[in-house]
Structure formats: C-alpha cells, structure tokens
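> Protein chains in written order, with this note's numbering: chain A, 1 to 497; chain B, 1 to 317; chain C, 1 to 676; chain D, 1 to 224.
Derived by calculation from the structure, the hints in this document are not laboratory data. One should not assume that every hint holds.
As the list claims (entries may be wrong) - When the alpha-carbon atoms are kept at most 27 Å apart in a straight line, the in silico BS3-like pairs for lysine-lysine are as follows: (1) K273/B x K34/B; (2) K34/B x K54/B; (3) K374/A x K648/C; (4) K374/A x K160/C; (5) K374/C x K160/C; (6) K308/A x K160/C; (7) K374/A x K157/A; (8) K452/A x K158/C; (9) K308/A x K158/C; (10) K588/C x K290/B; (11) K564/C x K54/B; (12) K648/C x K157/A; (13) K157/A x K24/A; (14) K290/B x K273/B; (15) K91/D x K157/A; (16) K308/A x K157/A; (17) K58/B x K564/C; (18) K158/C x K374/A; (19) K648/C x K308/A; (20) K34/B x K290/B; (21) K158/C x K630/C.
What the hints assert, rightly or not - Just so you have them, the derived chain D footprint on chain A, three or more residues with Cβ under 8 Å: (22) 129-138; (23) 161-167; (24) 211-220; (25) 298-311.
Ideal Cβ placement from N, Cα and C applies to all residues, glycine included.
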Amino acid sequence: MLLVVLLLVPLAIATASFYVRPRKAMEAVNLVGFGILFLVAVGLAAQVLAAGTVSFANSFFYADSLSSLVILLTSSVALVCSTYAIGYLRDDQQSGALGDNFSPNQQVGQLRMYYTLTPLLVFSMMFMAVANNLGVMWAAMEATTLASIFLVTFYGKVTSIEAAWKYAIIGGVGLSMALFGTVVAYYAGHRLAGSDSLSGLNWSVLAKHAAQLDKTSMRLAFVLILLGYGTKAGLAPMHTWKPDAYSEAPVPSAAILSTALLNCALYCLIRFYILTSRCLGPDYPGHLLLLFGLLSMGISVPFVLVQKNYRRLLAYHTIDHSGIMATALGLGGALGSLGLMLHMAFHTIAKSLLFLCAGNVYQHFRTDQFSEIKGSVIRAMPLTGMVFLMAMLAIIGMPPFSLFQSEFLILRAAFDGGHVLTGVLFVLFGTGVFAGALIHVGGMILGPGGDKPLAAPRPWRNGSLLALAGALVVIGFWVPAPLLELIRGAAHVVSGQ
Amino acid sequence: MMERLIDRMIENVTQLFLLLALAPLVTGVIRTLKARLQTRRGPNILQPYRDLGKLFRKGMVIPETASWIFAATPWIVFFSTVLAGLMIPMVAADAPLGLFGGVLAVIYLLGLGRFFLALSGLDSGSSFGGLGSSREMTISALAEPAMMLAIFTVAIGAGSAGLTEIAGAAIGQNWRFLAPAQMFAFAALALVLIAETGRIPVDNPDTHLELTMIHEAMILEYSGPYLALIEWAASIKQLVLMTLLINCFWPVGLQHTWFGFGALQGIAWLLAKLLLLSCAIVLLETVNAKMRLFRVPELLAVAFTLGSLALVSTFLF
Amino acid sequence: MIAELFLSGIVVWLAGAMASLALWRQPAAARRVTCGAALAGSLLDLAASAAAIFSGSPAVIGLPFGNPVFTWAVRLDPLSAYFNVTLAVLAAAVSLYSFGYLREMEGRRNLGAFGFFFNLLLLSLALVFTASNAFFFLVAWEVMALSSFFLISFEHEKEKTRNAGVLFLIMSHAGSGLMLIAFLVLASASGSLDFSSFHLLASRMPALQQGVVFLLFLFGFGVKAGLVPLHIWLPEAHPVAPSNVSALMSGIVIKTGIYGMARVFFDFYGAPPVWMGTVVLAIGVASALLGVLYALMEHDLKRLLAWHSIENIGIILMGFGAALMFRALGHGNLAALALIAALYHTFNHAMFKGLLFLGAGSVVQATHTRNMEKMGGLIRRMPVTALCFLVGAVAISGLPPLNGFVSEWLTYQALLAGFGTTQSLTRLMFPIAGSLLALTAALAAACFVKAFAIPFLALPRSAEAAEAREASFPMRAGMAVLAVGCVALGLGATWFVRVFDPITQQALGVRASSALVMARGLALSPGTAHGGTISTAGIALIFLLAGAAFAVPLAMRWSRRSVKGPVWDCGLPGLTADNEYTATAFSKPLRMIFSALYRPRREIQAEFEVSPHYPSAIRFESEIELTFEKRLYGPLRERIMAMANRMKGIQAGSINVYLAYIFITLILLLLFGVRG
Amino acid sequence: MKPFLDMQLGDRIVTLMAALVLVLQIAMVTQRWIVVHIRIFAAQSLFLAMIAATIAWFNHAPHIYAAAALTVVVKVILVPILFERLVVRMKIHEEIEPIVNVPISVVISGGLTLVGYVVAESFYRPEMPGLGHNALAVAISLFLIGFFNMINRRKALTQVLALLSLENGLFLAAISLTYGMPLIVELGIFFDVLVAAMVLGILVYRIRETFESMDVSRLRRLRG
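In isolation and in its complexed conformation, chain A is listed as follows:
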C-alpha cells in the first residue's frame, strides 16, 4: 500500500506545482511534498525491516531492503535539494541568471518547469525502485532520462543545450542496450513461467529460478545490461556525458543526478548481477564489473589532476565513485556487498553536500573556474568554505569520515578474495584522485582571499548545507541501528547470504 503512496506523492507534487501560480506556492508544495515523501520512505523502511519484503498488486510492486534503501536515500536527497533549491532559485531569479532579458512571467515559467520536472524525476526513480518487473524497471529508468533532459537545459545556454544533447543521445543508446539485455534475459527465462505471462519478467520470480535460466543468453544479457545501465551509472567508457550534464544542470538537479540517479542505475545493475551470478556463478559478472570499475576509477584520475572547473571535478569524482561501487559489486561476497551498500549511503550524503557547496560558491563568484576564485572562499564565505573542504576530504576517503570505512571494507574484500591487483590499483587511483582534489579544492578554499565581499547570509541554502554536514560528521562515528540494519539487509540481498 505504501508502495503506491510512494508513487502518488511525487505525482501529486508535480501536478500541484504545475497548476499553482505564485512562486512561494510552488516552493511550499515541493517542500511539504518531499517532506511527506521522506516520511513515507521511512515508513516503508520500517515495514521492510519488520517484514523482510513488501509487495503489492500480486507483486507487481515489490520492495526488499535493497530497494527500500535506495528509496530512502533518494527521498532524503530530494528533500534536502528541494530545500536548497528554494534559496538557490530565488538567488538566480534576482540575479537574472534564469536567462537574460526574461520577463517575470517567463521566469516563473522556468521555475515551474523546475518544480514540475523534479518531482517527475523523483517519481520515475521511485517507480524504478518499486517495480518488480524488469521491463517496467527499464521503462522507469528511461523516464528518468526524459524527465531530466530539460533540467539540464534549464539555463538555456548554448553549452547546456549541447550537454543535454549528449546526455539524451548517449543515455538513449545506453538504455536501448539495457532494453536489449532485458529482452534477452526474458528470453533466458521465458520458458520457466509460460511466455507472455506478466510474471515472466518479475525479478522475484527470476531470482527464485535463477539456476534454471539459459546460460548463454544470460551471458549476452549481462553484457548488454552492464553496458546499458553502466551508461546511466557513468562507468567508463560510457561516462562521457556526465561532466557536461552535471556542470550545466542547476546545482540541486545536479546533486540529485549524481547521487540518487547514480544509485538507481547501480540498483538496476545489482538486480541483474544477482540473477547472473546465481545463474553463472559470481566470476563472470564479477570480472566484467571489476574491469569497468577499475577503468572508471583509473580514467577519472588524470581528469581530476588537471581539472580547471570545480563542477566538472565533482562529476569526475562521481565517475570515480561509481567505479568504486562497481568494483565493490564485482568483488561481491559478504564484505564486498556490505562495503558497496555502506558506500552508496555515505557517498550519497557526501556528494550531494559537495554539490550544494559548489552551488554556493558558484552563486557568489559567478564562475566555475578554479583560476578565477583562487583561494578566497574561506574568507568570503567561511561556513561554505569549511564545509566544502570537509566534504572534499570526506569524499576522497579521509578518516574519520565514513567513506573511509566503506572503502576499507571494499579493499579488505579485495585482498581477502585474492584480488591483489585490484586492491593495489584501487589504492593507486585513490591516491591520484586524492592528490588532484586536494591541490585544486585546497587551493580554491584556502588562501589570502580576494576582493570579494563577505557573502550575505542565505538561510535556505546554508540550512540544508549544515544539515547534510552534520549527518556526514555524525555518520562517521555512529550509524543509527535501524539504518545499519537496512544496509546489512541490502547487503544480504546482494550477496545472497
């Protein structure tokens, strides 16, 4: 039942904010709506913790701890970002960044587009998470692309249209590969339950009979799926759209894309990984995932080292981390899966925080080039500067922040599993990214300070900033027991143990 509510809430938000007139109303609708959504997600998590799995409409909707974790993360990100967006978009509107020489009406139109498309995006992510049928899951995934394209073109700049085009085309190709994979998987399993029966594509069913699936088809299916959803997850070499899209979209949307949407793509990958590993044994999918994971981590290093633009830097960081998570999935096992799930949770917090900080800096300095900011952040905006530095240190795996713990787990899985080379490369790339990020971001935040005046107080933005920062610090020392339970549950789903 909650599953349906979960879908209805964002739909309601979308329709409401499409029809209400004044800006404040739209803001209120979004804020309240996502607040409710978050509560619903928490409720669902509670149910899952109690019952193990929740399903509805003869298991057309289906949620286990894995999907419930993804839902929880998505809804919390959505809530924080909608809070942040209020301050962010108001600032944009005053500074006329929404598009030069726009009439007030057009500006409100822009805002409406944002406030309508974001809930739609969230809606499709929710749908993807609760859909039991792999085909429906695919459809939902495609819907996320469609919903987010016009968020990328939000500012209507030349570059943003270019970014949107690349996003759309590459994403489209990727998703059609994913669909192909789904079809083949269906073929691999369509003799279990009679064909054309809806349940033939139900994950719960396939997972049950994974052993009887047709092996050759599953091999093909997994390759296609890996490339397909890997494109959405931004695994190299399908990652090329990410830096463009993330650096052009409005910051709150970029935050959602780089955390929640990444989780969703990985979620799809995980679902198929489970099927494949149960059918073919963990080695075949595992090695492929390791290959792509390491490639993504490796490819992000040089770009981080010589990056000039901090929003693109963050994008490459996301590529790095999707690589890390793919590696974790490839390593599998109890440790690997636990590491993966913890990392997903931790990364979601840290990365969204980073994007919000970047947003603050961008709106104050009106540039996303390191060279033009040159170490005046800490002076002009002490809070943002501090949090930015902290979050950056967290994301590059510095203790006591939590990402170190998950990466430590993953590495341990690597060495215990005898993947020594993987472990060594992991550390090597990690150091490279560390160096690059530290040099650039450190140089941007610390320094003599420039002519920029002290930034004006911005309650909405800094509020959400502080909330996330607090969460980031606390979670390094103490993870709430239920959350940890949920994560462990998800890890169990992945490792099948």
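Assemble chains B, C and D onto chain A, guided by the hints.
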C-alpha cells in the same frame, strides 16, 4: 673495598700530575728538536712552562662584545681535556678513570671542548675567530670517521672498546702492531692525531699569519690566564692523543696495574716512547710544508682509506 | 585505573578541542582553554602511560564511540606506553609554552580553529600509539595527518605554506596507502584486523610476501618519519608551521613512523631475514648523513632544525637496523641493546628537538625573521632562551654529559659489538656505519656551533635583533622543562634504562637493564663482553666539583685584573656587525668540500666607484641544489602531469567519438565477452 | 486454410521480411536525403509490424497483434509525421557528408551483420521452434548498424532516426525471441519511445535555433 677506592684516588692524582706536568714539556721538546733540526738554537725546553707562568700572572683583556660563553670556555676546555686524560692508560693498563668512560668518552670530551672553543671564537664577533671556528669544526668533523674506523679496528682486535682492555690485550705481544691491520690503523690514527693537534701539514701551531691559522685564530681574542688555560689544555690534548696512540699500538713497558716500582718503570717507558713519537712528529713537520686548507680533506680521505683498509684486513688476516 | 586515566585524558583533549572551537570569537578564552586542556590531557596521559609501562598486563580499553562494523579499541602495552610517555612530556611542555606563544596571535588569527586542531593532534597521536587494530590505527593515523595538515597550513595566506601543507598531506596519504595494503595482506592472512592476531604472523608468511610487506611498511612509515628519499616534505612543512606545532611535528609526529616500525619489526615479525636489518641500517646511515649535510647549508633556523630531524631519525633507524640484524643472527641481548639505543634516542630527540624548536620559536617571535643572518647578539637580550637553546644544541650534538651523548654511545656500542656476530661480509656494515655515525655527529656539532653562535653571539645583525625582547614567562617555563629533561635523561641514564625492561621483554624476551647498569648505578655499560663503561653522572659531578673548587674562585680573582677592550679588527675603524662571520661563511669550507653533492651556484655582483680594487658594494648570493627534489620528484611530477594532459584528449567534446567508445566496447564484449 | 498454419511458411515469411528490414537498415546508412530517410524508417517499421502480425498468426499469440498495432501507430504514422513537420519547419533538405563515406559505410555494415550472426549463432537451439535464431541475428545486426549509423551521422535529426531504427532491432528481437514482452511492458516501452521521439525532436529544434545549424559536430564547447 675502601682501600680499592683509595688506590684509585692515588692513581688519579698521579696521572693528573703527570698530565699537567708532562704536557708543556712535550710541547717544549718538540719545539726545541724542531729548531735543532732546522739548525736554530731554538727556545729552552722549559720555555712553555715559563710562558704559562707569565700568562697566569698577567691581567687580561675581555672583548666588550663577548658574552659569558667567552669566560666559561677556557674552563670547560681545560676540564674536559684533563678529564679525558684521566680516562686513558698512561702508566698502567687500567686507566684511573676508566669507569667513567672509554675511548668514545675521550673523543667526545675533546669534542665538547672543541665545541665551546668554536663558540667562543665566534663570540667576540671578530672575523678571525669565525674563520678559525669554521675551519676547526670542518677539519675535526672530517677527521672523525677515520679516527672512529681506526678505533673500531683496534677495538675489534682487542675484542673491546674499553681502553683498559685494549691496552691490556696488547700487553706482552709487543710485536703485534706489525700486523697489517694494526699498521694501517696506526697510520690512520697518526694522521688524525696530526689534524686534531693542529700540527703541520694541517695547521701550524706557531704561525699567526691571518689566512693560514686555524686553532690560533679561534683563540685570538684570549689573553692572560684564560689564554694560559687554553694553551695548557691544547698541550694536554696533544699529550693525551700521543699517549693513546703509543699505548694502544705499542704497549711496550705498559704495566697491568699500578704498583710501586712498576709504576716508575711504566713512567720511564712512557717518557721514552713519547720522546720517540715527538721525534717522528718533528721529522714529519720539518720535511712537510703546510697544506692549503682545501687539500686537508684529501689527507683525511687518505686516513679514512687507511682506516677502512685496516678494517678489511682484520677481516682478511 | 590506567584505563580511567587514559580515557579521561582523551576526553579532556576532546573537550578542549570542542570548547576552543566554540570559543573562537573570544581569542583570550580560546587560548587559555586550548593550552589548559592540552596540558591537563598530557598530564593525565603521562600518569596513565607511566603506570602502564610497568603494569604487568597490557590494559585493553574499548572506546565508547565507533560504529558496529569496526571496533575502536586501544591497548596500552609497554611499547605504546613508552611512546605515550614521550608524547605526554613533550606535549605538556609545549602547551605550557603555548600559553605565552599564542598570545601574539590573539585577534589576528582564529585561535579557536588552532586550538581545535592542536588538541585533536594530541588526541590522535595518543590513539595512534595505542590503537589495537589496523582499522582504528589507520583512522587515528589519518586524523593525525589531517590535524597536522591544518596546523601546518595555519598561516595559509602564504603560498609557500599552502604548498607545504598540501605536499605533506599528499605524501602522507601515499604512505598510508602503502601501509593500508600491507595491513590488509596481513589481515587476509590472519583473518582479523587485531594487532594481537598479527603477532609474529609476518614471519610465518612465504618469503616473498614477507619481504614485500616489510618494504611496504618500511616506506609507508618512512614517509612520515622522513627517511631519505621520502623526506622532501619535511623541511618544507615543519618550518612553516607555528613554532609550537613545529616542536610537536619534529618531536613526536614523525616518531609515529618510528613507533609503527617498532610495532611491525619487533611485534609482527619474529626473526626477520638478515637483509631487512641491512636495508634499515643502510637507509638509516643515508638519512643521517644527508640530513646533517643539508642542515649545514641552511640559514633558515627552523629549516635547519627540520633537516636535523631527518638526521636523528636516521640515527634511530641505525639502532633498529642493528637490532633487526642481531635478532636475525640470534643475539637477543645485543638486539635488546640496539633497540634500547634506538628508543632512548627517540625520547631524547623528542626532548632536545622540541626544546630547540621552542627556542627557535621564541627567537623568531622576537626578531620576526627565520633567517639567521639577520639575528645575532641575542644572548644578551634573551639570556634564558639562549641558555635553553645552548643545552639543546649540546644535547643534539651528542656531547657529554647530556642525553644525546648517552643514546649515541649506546648506538656505537651496538655497532661495535655487531662485528663479532657474524662471519659473513655483512659484518663490515657495522664499523662503516659506526664511522659514518661519527662523521654525522661531528658535522652536527659543527652545524650547531653555527646554529647557536650566529643567532645568539656577537653583535646583532639587524635592527629587529638589536631590540629583541626575552620570551614571556610561560614560554621560558616550557623551554626550561625540556632543558631539564635533556639534563636528567643524560645524567640519569642508568636510572632510565630500567624503563626499557618491559619493552625488550615484550619485543625480544630479554630484560637487559641489569646487564647495562654497573657500579651501583654510577656507570652504564653496553652489557657486552668488555664494552667499556660510561658515567655521565660522574663526568658531570667532576665538572661541578672542579668548577666550584677552581673555576669560580680563580675567575673571581682574575676578573679583578681584567679589563674590557675592543676586538682586534686589523686596525680598521671599529668592528661592526658587517665584519662578523656569517652562517654562509661558516659553512663555506664544507660547501666546497661536498660540492659534488650540493652543486652550489653562486653569483657575485660588485659595484665599483673609485677603482676596480675597492668595490663600494658587493652582493653575494649562493644557493645549493636539493638533489632529490630536482632529480627525482620534479621529473616524476612533470611526467605525470604531461600524461594527464594527454589523457584529456579522451574528452574532446565530439559526441560521435563518445558514441564510438561505447560502440567499440560493445563489439569487443560481444565477440570476446559473451562467447567466453 | 491449411498452409497458413504451417510453421515452415511462417519461418520463411519472417526470415524474408527480416532480411528486407536489414536491407532497409543498410539503405538508411547509405541515404543522404533526410525526408527519404524518414520514409525508409517508416517502411522498416511497417515490415516489423508485419513480422509481428505473422508471428502472432502462426503462434496464436493474440497480444502480439497489439504490439504490431502499436508499432504501426507510433513508428509508421506518428513519429514520421512529427519529423517531417520538423523538417519542413526547419527547411532542411540534405544531410552533409557522413563521417565515413558511403561505400566504406556499406562494407562496415556488412561486417556488423557478420558480427550479428556470429553472436546469434551460439544461441541456435535445434529443439526450439524455428522462428528463433535467424531473427535474433538480424536483430543484433540491426542494432549494431543503427548504432554505427548514429556514430556516422553529423545531423542531429538523423542521429535520432538512427536511434529509433536501432530500437527497431530491439523490437524484432523481442517479438521473434520471446513472442513479445508482456503487454504492459510493451505499452511502457512504446510510450517511452514516443516521448523520447518528441523530446529529442524539441531538442533538435532548439539546437537548430541556437546553432543556426543541426550539425552536431559543432557541439564541442564542453571539453576536458
């Protein structure tokens, strides 16, 4: 127990007396011999005593730029040198103050003195002092490894780093020093001795020619009793190093312990050997000219090579 | 009891950190809270660890925080306790000093942030020394690195400072990467992260693995300890930090590397192959020699001290190397001797290097420059500082009767005894190392003649130096504590070596002190056959007696006959500071002798007015080349950057190319992935 | 009515039409005129619908008729009309040279077809009814060629068309392998395709507006 302590006291006092008394004499002897070798009449052998006496009676001029370091240095130098002197076997194998330190202590006590001497050289602010300190510290630093290698070799031969044991092990086998290891070590140590005591070809103790002096430059600002202390300490240091050299390598006549007649015998032998060594030094000084400062490292490099040769040859033979 | 004390120390530090951060708007309050908390925490820690050294069973303490996936626990065994004592003593002195030192910064800098990271540093150090499993160790390690990073880049408006901080953090992180790998290899062998499960584990692993893990640890910890050639960050980072932080950095932070090595070499390894000891010994010699050689050329007082840290780490490593070799050759007692020498020197270095940095801090605060050439004559303006600095200088030069001499003497003895332990050629290493140690010590003495004489003696070389003011009382007190420590550790050697019994017992199963102490605690002996003895106490005693009996009375008599007079200046009109020997001039002979290493570059510009023989002004400038920075790291960095720039071509912007990547991947996977 | 229930016949028809679809795909690679391009796409989709209908007839799988009908509605009627409108509004007629010139493109397409067969060959199951492997090979080839066509084209609109033709390959695979996905899934997919086509159309239009051209090789501002 008690009388053991008293014996020690007596030994210490005796050796102390020997050090203080002999040191100027050795300097005097060397000077006179050198003069004679250069067919000069030269000063009286006892001249150094007279100099010291005169200096002690004189008043002194303290540079107004100097600090308390300047006043403290002569004492530290003097005491540390004498202390080092009590740690080496002169008459009998067991050094009176052997318990307080062995050869390492000797070297480092001399080092302590040198450290403060160099400080005082810089203390007055005169550029000569600085020049002297800089050169002194450089040369002694370069001399250090050769000395240490030689000592290691000797210690390895004797199976100990304690001077008492070293000397003791050497007693009786008077021709042991003919072993290649010993020879090399001896040569190395001899070179070091020359560098440390500031003799030609490294330094010229008699010169006051600005650009060539080393030790003299450091103490240029000293006068009166303080100068006396320092000069005395310098000659004691020379005596100590010479004794060290001869007693470690050629312990002829060295006694095992101090007892009445033997002690006298030991002293006699000591004097004889010192005389011999002085002659050698004089010979060396007259046939050599003083080196340029930047040739000195080469000399010490030779010493180091000799030391390592000695080491290797203990390994081979 | 121990546990409670230790925990309360941790809590006090934590509270101090939080409180001073909260008080960042009231500088004075923040300063007091910072230093007070640091001091109190150190004293508590001192009590706890001092008790822990001698308590038979190591205290295991679980920390109240931490998440269920990993356990956060500490264990206070003798080794950890020993390093904790070192930390606590130094930290106490430094926090005392900081009461006065930080007052300068009030209102000009954010003391709240400083206090936060300062206390956090102490906290993390204590945890690094005591962490009982690999995970927690790494957490503490990185927190330490982070807080040091923020303290180093505290004056981050200077670019040099920023770069130094970043360089430090990157290298430190690379080092911890190596450690991480090594730990995980061990963990995968033992199936647990607990240090207790690593005990003697490494020696049971296959030879190759053993060697690799050893090297990983050696270099991983070596980065932090500042071994040559991993040292380049150290002379950059230590000087730019505030001086009380530099004291901590050089005194104790680099010792975490030493602690890690001790933990690994003597706890995880049973009897390692001989080559390991040989490697450590060789690296130790190299670090000692290069450290002091570069120090000699330095005229930045704090940089000079930083280079000396590298030298002393080298000396400590000589002890470790010898101990490892002895262990491999089966000489437990000698191993104990060498280990004692190394650990003793660790403590000593913490004392005198901390003292020297604090002294340098007072001087820099008084003269507003780190350049020795602009100081001079300070012994009159700041006598106490000068005296303390002198004590430190004598101690670090290894001169009797202070503590530096004792530990170097022990090292010599170990090396001396080493020759007899084997017949193979490796035994030549011991005497060679010994002689190079002698060279190092002598050069250090030369260097500290310069480092003391140029700033403190003769005439002031600049206006600032001329009206320098003596350090405030807390600063003097802080320095005095450490100076007393240096003296006590020197004279009380025979008493102090007993501390090592539990450690050698734990590491090697040997209790050595009884063999080391002779003549009712009057003298110290190496405990080997005939090693010779040493009695610093006796030497000091004789000095005192002789001084009292002769020096004082005679000096008083002579002073009646003495007059103040001008310095001999070749008859030129009066001596000025320009006539004085400079630090550059002082080190000139060595610069020429070792020019092969330094590759000095000099340029002289003279302006002539009257005749070409009498220049009216001469500008002399000389600089040496830092070999490793220039030949090793520079090219490496450039190569990496060039490669990265070439890689950027991947993201050239053409969507057709982007699609082609995917297409090719797809084809390849279809052809080779699917059909298996 | 006998022959019309004969599997053999069905197999023949499906294979034949699949072959035609493949030919049309390759023709699309060679094609320069955008309008013709669109029409070929429509024709291809029509053949696909017929294949679907045939399969539905011979296997008595009524829900595939729905899929066929949807194909006709969406891909044969709506999308082509939409795009031709777009073409008219933007007054564009001719595609500029593809990146790889025509003959080589054809050769490459041939090679890709081969790849398709190589991959599909491992799926051949004698025990399974004949409609299987041949069509899969064609489907994969369609997919790959469509993909290649996307890489090969410079004009935004043609890339979109290539994308859609690539999805035709998917559709063929779906119906010939598994006799179509479950209906609701099909509905979802077709809805997505329709929306995607519209969204992409709008994008194309905005590109045309901002860049005064549809040449995507000009979209190279974002690098590094």
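> Now tell me if each hint is right for this structure.
The hints, checked one at a time:
{"no.": "1", "hint": "K273/B x K34/B", "in the structure": "18 Å, holds"}
{"no.": "2", "hint": "K34/B x K54/B", "in the structure": "23 Å, holds"}
{"no.": "3", "hint": "K374/A x K648/C", "in the structure": "23 Å, holds"}
{"no.": "4", "hint": "K374/A x K160/C", "in the structure": "15 Å, holds"}
{"no.": "5", "hint": "K374/C x K160/C", "in the structure": "21 Å, holds"}
{"no.": "6", "hint": "K308/A x K160/C", "in the structure": "21 Å, holds"}
{"no.": "7", "hint": "K374/A x K157/A", "in the structure": "25 Å, holds"}
{"no.": "8", "hint": "K452/A x K158/C", "in the structure": "18 Å, holds"}
{"no.": "9", "hint": "K308/A x K158/C", "in the structure": "22 Å, holds"}
{"no.": "10", "hint": "K588/C x K290/B", "in the structure": "21 Å, holds"}
{"no.": "11", "hint": "K564/C x K54/B", "in the structure": "20 Å, holds"}
{"no.": "12", "hint": "K648/C x K157/A", "in the structure": "24 Å, holds"}
{"no.": "13", "hint": "K157/A x K24/A", "in the structure": "26 Å, holds"}
{"no.": "14", "hint": "K290/B x K273/B", "in the structure": "26 Å, holds"}
{"no.": "15", "hint": "K91/D x K157/A", "in the structure": "24 Å, holds"}
{"no.": "16", "hint": "K308/A x K157/A", "in the structure": "20 Å, holds"}
{"no.": "17", "hint": "K58/B x K564/C", "in the structure": "15 Å, holds"}
{"no.": "18", "hint": "K158/C x K374/A", "in the structure": "13 Å, holds"}
{"no.": "19", "hint": "K648/C x K308/A", "in the structure": "12 Å, holds"}
{"no.": "20", "hint": "K34/B x K290/B", "in the structure": "15 Å, holds"}
{"no.": "21", "hint": "K158/C x K630/C", "in the structure": "23 Å, holds"}
{"no.": "22", "hint": "129-138", "in the structure": "holds (count 4)"}
{"no.": "23", "hint": "161-167", "in the structure": "holds (count 6)"}
{"no.": "24", "hint": "211-220", "in the structure": "holds (count 3)"}
{"no.": "25", "hint": "298-311", "in the structure": "holds (count 5)"}
In this structure, every one of the numbered hints holds.
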